[in-house]
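Colleague: Chain W is already provided as a structure; the job is to place chains U, X and Z on it using the hints.
Number of protein chains: 4
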Amino acid sequence: MNFISDNTAGASAPVMAALSAANDGAASAYGTDAWTARIEGLFADLFEHEVAVSLVTTGTAANSLALACLTRPWGAVLTHQESHVADDECGAPEFFSDGAKLVGLPGAGNKIAPEAVTLALSRLREGALHQVQPQALSITQATECGLIYTPAQVRALKEAATPRGLKLHMDGARFANALVRLGCTPAEITWKAGVDVLSFGGTKNGAWAAEAVVFFEPSLAAEMKWRRKRGGHTLSKGRLIGAQFEGLLADGHWLALARHANAMASRLAEAVVANGAARLAWPCEANAVFLILDAAAQDRLKAAGARYLAWSDTALSDGAPLAPGEVIGRFVMSFATREADVEGLIAVLNATPR
Amino acid sequence: MNFISDNTAGASAPVMAALSAANDGAASAYGTDAWTARIEGLFADLFEHEVAVSLVTTGTAANSLALACLTRPWGAVLTHQESHVADDECGAPEFFSDGAKLVGLPGAGNKIAPEAVTLALSRLREGALHQVQPQALSITQATECGLIYTPAQVRALKEAATPRGLKLHMDGARFANALVRLGCTPAEITWKAGVDVLSFGGTKNGAWAAEAVVFFEPSLAAEMKWRRKRGGHTLSKGRLIGAQFEGLLADGHWLALARHANAMASRLAEAVVANGAARLAWPCEANAVFLILDAAAQDRLKAAGARYLAWSDTALSDGAPLAPGEVIGRFVMSFATREADVEGLIAVLNATPR
Amino acid sequence: MNFISDNTAGASAPVMAALSAANDGAASAYGTDAWTARIEGLFADLFEHEVAVSLVTTGTAANSLALACLTRPWGAVLTHQESHVADDECGAPEFFSDGAKLVGLPGAGNKIAPEAVTLALSRLREGALHQVQPQALSITQATECGLIYTPAQVRALKEAATPRGLKLHMDGARFANALVRLGCTPAEITWKAGVDVLSFGGTKNGAWAAEAVVFFEPSLAAEMKWRRKRGGHTLSKGRLIGAQFEGLLADGHWLALARHANAMASRLAEAVVANGAARLAWPCEANAVFLILDAAAQDRLKAAGARYLAWSDTALSDGAPLAPGEVIGRFVMSFATREADVEGLIAVLNATPR
Amino acid sequence: MNFISDNTAGASAPVMAALSAANDGAASAYGTDAWTARIEGLFADLFEHEVAVSLVTTGTAANSLALACLTRPWGAVLTHQESHVADDECGAPEFFSDGAKLVGLPGAGNKIAPEAVTLALSRLREGALHQVQPQALSITQATECGLIYTPAQVRALKEAATPRGLKLHMDGARFANALVRLGCTPAEITWKAGVDVLSFGGTKNGAWAAEAVVFFEPSLAAEMKWRRKRGGHTLSKGRLIGAQFEGLLADGHWLALARHANAMASRLAEAVVANGAARLAWPCEANAVFLILDAAAQDRLKAAGARYLAWSDTALSDGAPLAPGEVIGRFVMSFATREADVEGLIAVLNATPR
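Chains as they are written, first to last, in our numbering: chain W, 1059 to 1412; chain U, 1059 to 1412; chain X, 1059 to 1412; chain Z, 1059 to 1412.
Just chain W, same shape as in the assembly (with noise of 0.2 Å):
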């Protein structure tokens, strides 16, 4: 019973299906192979845009890669404070950018209110000398606290942003568990609502490596080539990711394998919640479960092996504080989740009715 995180499993078998018909006969290499280009194409219909699309093995390059693209290093990113891009990734950004700074924000589960954004920038004054310059606000679909932006707050979000030009980044790691749960299109969570450049997660989703960096206004990626390049993230056999693209976006696979991860997760929270056994340190909107758990759920999950992550409080409302011995535990469904584990976990949590 691991629930650590969505990133445990290997790759689904359609794609490692796809990745074993794309091993055949000779491809141009460094990305201009014909599986790379076919993803381009592939992500403009899925998108119903023209986009630009770079495709990288990690969720970490395709966050860097795409802020860098967005600011100048002395520009700064308005994001949450405790975001995977700020929190997560060891300074990544900050490399890739050459310095530029990542300026938190807060919010309850992680997700940035306009009024945030909008009280940050008039601290960063336009045009101060001595000030970093906003120029990109990056925001997390699903939140690390597995929280979702309707379409109506990704585009206010970008309201409160427009005045000072900055750019919208969504770093998609879970996009397809958010997006099965939003029931919209492609379109209306991303370029309709104002997103320029999505980082979009395939990994987490079911693939071995697979990510891509798509930009709905191309010429905001006029230097990721090189970018990509200098980070060393420019694959010689391109197709290693072209092709798991080919086999996750295949008849809504993709689509199919976060509903999936999404069902575990609503079936954990809703029984444990039912019960009583624990109550939600947020809701459940994607495919992450985060239960406050006392003292005496904490033993029975640790006497039945059930493998979490203890996350932190920080992100909590102000009203709903963990009480002494509580914490929070961050349970994870991905493509792989099966669902006896998690009948089996919820027997465990279940098993002294309060």
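Rather than coming from a laboratory, the hints here were simulated on the basis of the structure. Note that the structure is a prediction, hence the values are computed from the model and not measured. Be careful, since some hints might not be right.
As a list, the in silico DSS-like pairs of lysine-lysine whose alpha-carbon atoms are at most 30 Å apart [as the list claims (entries may be wrong)]:
1. X:Lys-1283 with U:Lys-1216
2. X:Lys-1283 with Z:Lys-1283
3. Z:Lys-1216 with W:Lys-1216
4. U:Lys-1283 with X:Lys-1283
5. U:Lys-1283 with W:Lys-1283
6. W:Lys-1283 with Z:Lys-1216
7. W:Lys-1283 with W:Lys-1250
8. Z:Lys-1283 with W:Lys-1283
9. X:Lys-1216 with U:Lys-1283
Modeller: For chains U, X and Z alone, coordinates are given in the frame of chain W:
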């Protein structure tokens, strides 16, 4: 008949099989998986020495991270003026090292002589405030012109570099090809000859995207963990690389692949030289053949649809310039090169005897 | 009546005289001159400790170079969220450190409490691959809000930082103002309290452009020579800075200048508070007075042509917010501030008794 | 008899007087003062062209900031392989440009020929993913070997660089010396000949520390404000540099200083050559004399306590190597060089007629 490079094929069947076999069950993320752990052991056995190993997906990343660990931003890396790290990575070593300088040395066939190292060191005075400080020497095995350093030659280079304490890096994108030609042990051509860090290439050898930075002095790897993460090269599903290497290294598969590629190159070089259809720009010592092609030969190749790369003549020996109309054509053999294609190429080149 | 800052005056007469006196004969270049050499000795005497000293022309350079010597690119500098290094140097510390992160801590009056350090350290786990690693703590003496750390407070901060081995940097742009107020020795408020590196400010104190980075642990300065040169901060005519410091440090001139500035500030604060014309945002402990000005006071100042800076209210204590219409006005006194101007300012502020 | 460099003197009397005169009253900080503002006007008049000017204290900063404004991190600056920016600034241009590459071109006397530019451009293919992209050409006027580019030569270089759109930077650390020798207008040797950015040197000319980056195409300076601040080169008391330039530029003082230095150099060169005591390594065209000294001459100089710099022989013309025992001695004259010292030096050198 595609002889453009040894990176146009996919992965060898055993590598693909190892990857498929690895696609089962949950594994710890970010390089803490069992596959990655085993690889470090395999390399220690292979090199008969304690090693610290970091796995990445590209040669650019392997070389750049290795050099960044050896130099400070005000340091200099001595290397051939047309080496891959100096001339073909779009400044990636400068990026990863925060601006260290690559100082280009001359040398026929892209091989560096100890005298060139000594001369360069004399010009960059120790401790001189205004000059970058040499901290590493990087050589390519086999060189970009297909030549090989013997253990004695590597040792002599290390000795030339030792008075100033330079660390020795070997770019082994084609390490396997060099090794099987030398007929020595991996240890003899690396740490026993003075190599401190090796970029061990798996991709051109038969993997999808698998490179290992092998530190023979583990303390030099102290910062690698952070540098790799910041560079976006710490895959969440680390077994993707680990499994490729497992497939490659099992039962000497990697050496068999390299022997095949070298044999194909030797066959071409010998047949063409025997016929007098073209002369060699440099001796054929690994898996690439550099033919000096006159206009007629170029025409025949074009008519036959043979694909190869036009190569710089800068590294020709001083006494052997190109005649008017001649170009250097690079023909590279890989694990996947078919004998029939080589014979076909020979037939085209030898069609009109001289 | 210009109270905008303490950097609007030129140099004090003795500094100017020292510079004139130095303008004779040939001197070795790039900081190897006799003036520069003498300064290191002066600082060793002043601080009763072995020191390594680097002279530069700006506080931005002094702070950024100092912090770059204390951190790696994946390191973090804990500092107040509105400190000068975090908020007023346009990302210079990030530039010089090749992308290290400045982590902002809260604190009224821009003073950091040990508890804030402890909390920040608990959130940035030691050795955690995904997080930047805290390596330095930077405090400002006096703070940007004019407050002063006592030796005991500095010591407590160092102790909070010690479990993780952080080095302690003190931004002493207004070190002299703090020192004369504290009435302790330079040693007591620096290395005896745990400070590893001090940016000793000369410019605001009465020089043209003279700052010294003073390392109390000389080994920390090992890379300074290269960093300063690469940053373009190694003047060829080093006596320009050396002579200014000689003028400043001779006969306690620097302390006299600071005493004057502090006295002017105290006079203003006391007169206005006694009259009730305005209240203080923070106690007046050095050479700046932060007045909470109502609309009427603002009008009177405007009419009188008094110049001051509007200041952020973020660092006010939680229990003392601004009333509607109120702003914080910063009035800074320098060595050159004339008593008549201060009395004039007081007259304007106290014109309408409340 | 110190002929080590032209940076061993202090400031000329008029520069010192201008600085003293500026030391009165309050001035706006960070380069918004009246002195700085006037300098931009003075340069516009001097160059008969609209200019954007940034004042800094060192040539390293001026050159590095200028080049950083002209290149991207994956860009290349073509320059002489022994130019000051390539060989004497400890990698500062790489630091300020976030890792751009300086590509060294050959050329006797450190002068670059158009053919060398054309050849270098042919090797760095436009748009080639794996190679850095040439974006600037940097020449030194006068060169480090004391040679001067004529307007026609500068124009020819710009024309060689134009097909790839390179910007032309002139390192004018000794611009005044070149100008008075050429006898042309400042405009003729800069923007009229194709120069886009000039590092206008004041320090060697007679200032303490005053350099100006002069952009003839002001749009190229768009990022200068941020780059200078982040580099710590925005002095708070900007009039320190402004006043020096005011002293230097008033009444052609700068040209008179340069004429003196050049005359001292000519006197030395002519007297020694006429006597046959030494031959010139390169013609004496500015304020430095490069003498090829045999062992006897070296002994006489040593005995007399004459100080000079031993110089590299790399930039000698191919046909004129040093004989065994010979070295190149560099003797540099400055505004402060006394005629008596030059005559004394001549006497030493000419003591033993050949």
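Colleague: Each of the hints needs a verdict: does it hold here or not?
Modeller: These are the hints, each one checked on the structure:
Among the hinted pairs, Lys-1283 (chain X) with Lys-1216 (chain U) is consistent with the structure: their alpha-carbon atoms are about 28 Å apart, no more than 30 Å. Under the criterion of a C-alpha separation no larger than 30 Å, the hint pairing Lys-1283 (chain X) with Lys-1283 (chain Z) is consistent with the structure, at around 26 Å. Between the alpha carbons of Lys-1216 (chain Z) and Lys-1216 (chain W) the distance comes to roughly 45 Å, so the proposed pair goes past 30 Å and is violated. With a C-alpha separation of about 28 Å, the suggested pair Lys-1283 (chain U) and Lys-1283 (chain X) falls inside the 30 Å cut-off, and the hint holds.
Restraint check for Lys-1283 (chain U) and Lys-1283 (chain W): satisfied, since their Cα atoms lie roughly 26 Å apart, inside the 30 Å limit. With a C-alpha separation of about 28 Å, the suggested pairing of Lys-1283 (chain W) with Lys-1216 (chain Z) holds against the 30 Å cut-off. In summary, the hint linking Lys-1283 (chain W) to Lys-1250 (chain W) is supported, as the alpha carbons are separated by about 26 Å, within the 30 Å threshold. Between Lys-1283 (chain Z) and Lys-1283 (chain W), the direct Cα distance comes to roughly 28 Å. Compliance with the 30 Å bound is thereby established for this hinted pair.
For the hint pairing Lys-1216 (chain X) with Lys-1283 (chain U), the CA-to-CA distance comes to about 28 Å; that is within 30 Å, so the pair holds.
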